[in-house]
Amino acid sequence: MLELLNLVGERATPDCEYAGYGWARVDRLWLATDDQRGRAVDDVLLLALHSADDAEALADDIELEFELSVGAPVSVLASAFLARWLPRLPADASAIVLALCNPHRAVLRTPPGKTPIHYAHGDVTSWLDRDDDGDHIRLQADEWSTLRAT
Amino acid sequence: MISKTKLLASALALVLGVGAGAGCDSSGPERTDRWATTENTNVKIDWDKVNEAYKLADGPEDLEKRINEIYEGDEVISVSVKDEDDKTQVVTGFFDKNTNGTVEEPEKIFTIKREPTAEGAQYQTTGHGAYYGYHSPFLGIASGMMMGMMMSNMFMPSYAPMYRQGYTTNPSRVSQLQQTRSSYRAANPGKFQRSQSGRTYNRPSTTTRPSGRTGGGRMGGGRFGLARAGRAVRPQRLAD
Numbered sequence: 001m002l003e004l005l006n007l008v009g010e011r012a013t014p015d016c017e018y019a020g021y022g023w024a025r026v027d028r029l030w031l032a033t034d035d036q037r038g039r040a041v042d043d044v045l046l047l048a049l050h051s052a053d054d055a056e057a058l059a060d061d062i063e064l065e066f067e068l069s070v071g072a073p074v075s076v077l078a079s080a081f082l083a084r085w086l087p088r089l090p091a092d093a094s095a096i097v098l099a100l101c102n103p104h105r106a107v108l109r110t111p112p113g114k115t116p117i118h119y120a121h122g123d124v125t126s127w128l129d130r131d132d133d134g135d136h137i138r139l140q141a142d143e144w145s146t147l148r149a150t
Numbered sequence: 001m002i003s004k005t006k007l008l009a010s011a012l013a014l015v016l017g018v019g020a021g022a023g024c025d026s027s028g029p030e031r032t033d034r035w036a037t038t039e040n041t042n043v044k045i046d047w048d049k050v051n052e053a054y055k056l057a058d059g060p061e062d063l064e065k066r067i068n069e070i071y072e073g074d075e076v077i078s079v080s081v082k083d084e085d086d087k088t089q090v091v092t093g094f095f096d097k098n099t100n101g102t103v104e105e106p107e108k109i110f111t112i113k114r115e116p117t118a119e120g121a122q123y124q125t126t127g128h129g130a131y132y133g134y135h136s137p138f139l140g141i142a143s144g145m146m147m148g149m150m151m152s153n154m155f156m157p158s159y160a161p162m163y164r165q166g167y168t169t170n171p172s173r174v175s176q177l178q179q180t181r182s183s184y185r186a187a188n189p190g191k192f193q194r195s196q197s198g199r200t201y202n203r204p205s206t207t208t209r210p211s212g213r214t215g216g217g218r219m220g221g222g223r224f225g226l227a228r229a230g231r232a233v234r235p236q237r238l239a240d
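Chains as they are written, first to last, in the numbering used here: chain G, 1 to 150; chain W, 1 to 240.
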């Protein structure tokens, strides 16, 4: 999971060229809006995804971009991606967190499922904080929103 | 360990939604907690050095050596050089994955195209595959500049294109290039700082800890956006 968030090696600031994507289960991570620890979210299904800064500006969706090992990158809308993939991923998490920049601050629609989904507005970066309590994984964004099943 | 083929299949399945994908199967004995991170995507290439290497190379074999010293990944970059006409030359860097000694589209990493101009010549480097979207500026060259034989030959009155038939790294040279590069890296540990991001996929997360960190503090990870503004071609949008 540390690899998924690029929290391996030694790095003072987040790598802006990191393009890895995937998912992981996380016991606890922290959603922050500044360099303080923020709000804890437990038992998480974490999805690390990317949007490009020239992605199409959509009011209620985010254009994801995937760099492939062979061939040109491809994009897909987050709504289509989540509709296709969330049913295939572990369904027993208490929360889903999207590590995903939302450059146009789209307000996402609630996808199917009962698990709350946390997503950001603006840039998202990952951090590993170490203090006397141990290591803490922090995702920092301008703002966090939560989608809940209605 | 998941094979590269499975990784690719998984990555494609991820975006195309075809099947569950090997990397997402959490029930099998090779359980992995995430999708495959794209191979090679995060091995940075210092394009300025690549452009400089082409300018200074004395020939294709020297260029191979220089390019592989620049590249920070594990793979060896093969090189193809082809003179398209009297002074237009196309250099292609590629991963010769099937070791057949020919450039195939999915294997391409970059192309450098050199063309004559009124003032001399210019060249431009374009990224492919994981490096798709990179375009160098047109880099001008003129007689009198410091450059290697490969470039300076074209300013000679007796110049004749040497690579009409094309030069391509012989697969048998790959191990030699690998050894040369290993020696170079060993001799220049300060120059060689391997990119960490996205390269250690499929390692059990329970054993992955940031190395050498002691005491308090914080470490940056990644940004979950891609700086792509200004690129000429946007990615293909897959069907919703």
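Everything labelled a hint here was simulated from the structure, so no lab data went into it. All C-beta atoms, glycine included, are put in the ideal place defined by N, C-alpha and C. Each hint should be verified, as a subset may be incorrect.
Stated by the list, open to error - Here are some chain W residues pointing at chain G (derived, C-beta under 10 Å):
hint, residue
1, GLY101
2, GLU105
3, HIS128
4, GLY129
5, TYR132
6, ARG218
7, GLY221
8, GLY222
9, ARG228
10, ALA229
11, GLY230
12, ARG231
13, VAL233
14, ARG234
Claimed, not checked - Covered stretches of chain G, as calculated for chain W (at least 3 residues, CB under 8 Å):
hint, segment
15, 11-25
16, 37-50
17, 61-67
18, 72-82
19, 93-107
20, 115-128
To be verified - Label-pair distances were calculated between CB atoms; the ranges are:
hint, chain 1, residue 1, chain 2, residue 2, range
21, W, ASP48, G, ALA72, 46 to 54 Å
22, G, ALA40, W, HIS135, 40 to 48 Å
23, W, ASN153, G, GLU10, 43 to 51 Å
24, W, LEU238, G, ALA40, 29 to 37 Å
25, G, ASP42, W, GLY217, 32 to 40 Å
26, W, TYR134, G, GLU10, 37 to 45 Å
27, W, GLY166, G, ARG88, 43 to 51 Å
28, W, ASN100, G, ARG148, 50 to 58 Å
29, G, GLY122, W, LEU238, 20 to 28 Å
30, G, ALA83, W, ALA186, 30 to 38 Å
Inset, instruction - Go ahead and decide if the range 40 to 48 Å is satisfied by the Cβ distance of ALA40(G) to HIS135(W). - result: holds, 44 Å
Inset, instruction - Quick one: see if chain W covers the segment 37-50 of chain G, three-plus residues with Cβ-Cβ under 8 Å. - result: holds (count 3)
Inset, instruction - Closer than 10 Å between Cβ atoms is the bar; does TYR132(W) clear it against chain G? Give me holds or violated. - result: holds, 5 Å
Inset, instruction - So, ARG234(W) near chain G? Judge it on the closest CB pair being under 10 Å. - result: holds, 7 Å
Legend entry - Interface hint for GLY222(W), Cβ within 10 Å of any Cβ on chain G: With a closest approach of 3 Å, the GLY222(W) hint holds.
Inset, instruction - Confirm or reject the coverage of the segment 72-82 of chain G by chain W under the rule of 3 or more residues with a beta carbon closer than 8 Å to the chain's beta carbons. - result: holds (count 9)
Inset, instruction - Indicate whether the distance between the beta carbons of GLY166(W) and ARG88(G) respects the range 43 to 51 Å. - result: The hint (43 to 51 Å, Cβ to Cβ) holds, given that GLY166(W) and ARG88(G) are roughly 46 Å apart.
Inset, instruction - Evaluate the given range 30 to 38 Å for the C-beta pair formed by ALA83(G) and ALA186(W). - result: violated, 50 Å
Inset, instruction - Classify the hint on GLY230(W) as holds or violated, based on whether any CB of chain G lies nearer than 10 Å to its CB. - result: Check passed: Cβ of GLY230(W) comes within 8 Å of chain G, closer than 10 Å.
Legend entry - Proposed interface contact between GLY101(W) and chain G, which counts if any beta carbon pair is under 10 Å: violated, 19 Å
Inset, instruction - Determine whether the Cβ-Cβ distance between ASN100(W) and ARG148(G) falls within the hinted range of 50 to 58 Å. - result: holds, 55 Å
Legend entry - Consistency of beta-carbon spacing, ALA40(G) to LEU238(W), with hint 29 to 37 Å: Roughly 35 Å apart at Cβ, these two residues keep to the hinted range, so it holds.
The earlier numbered hints that this structure contradicts are 1, 21, 25, 26 and 30.
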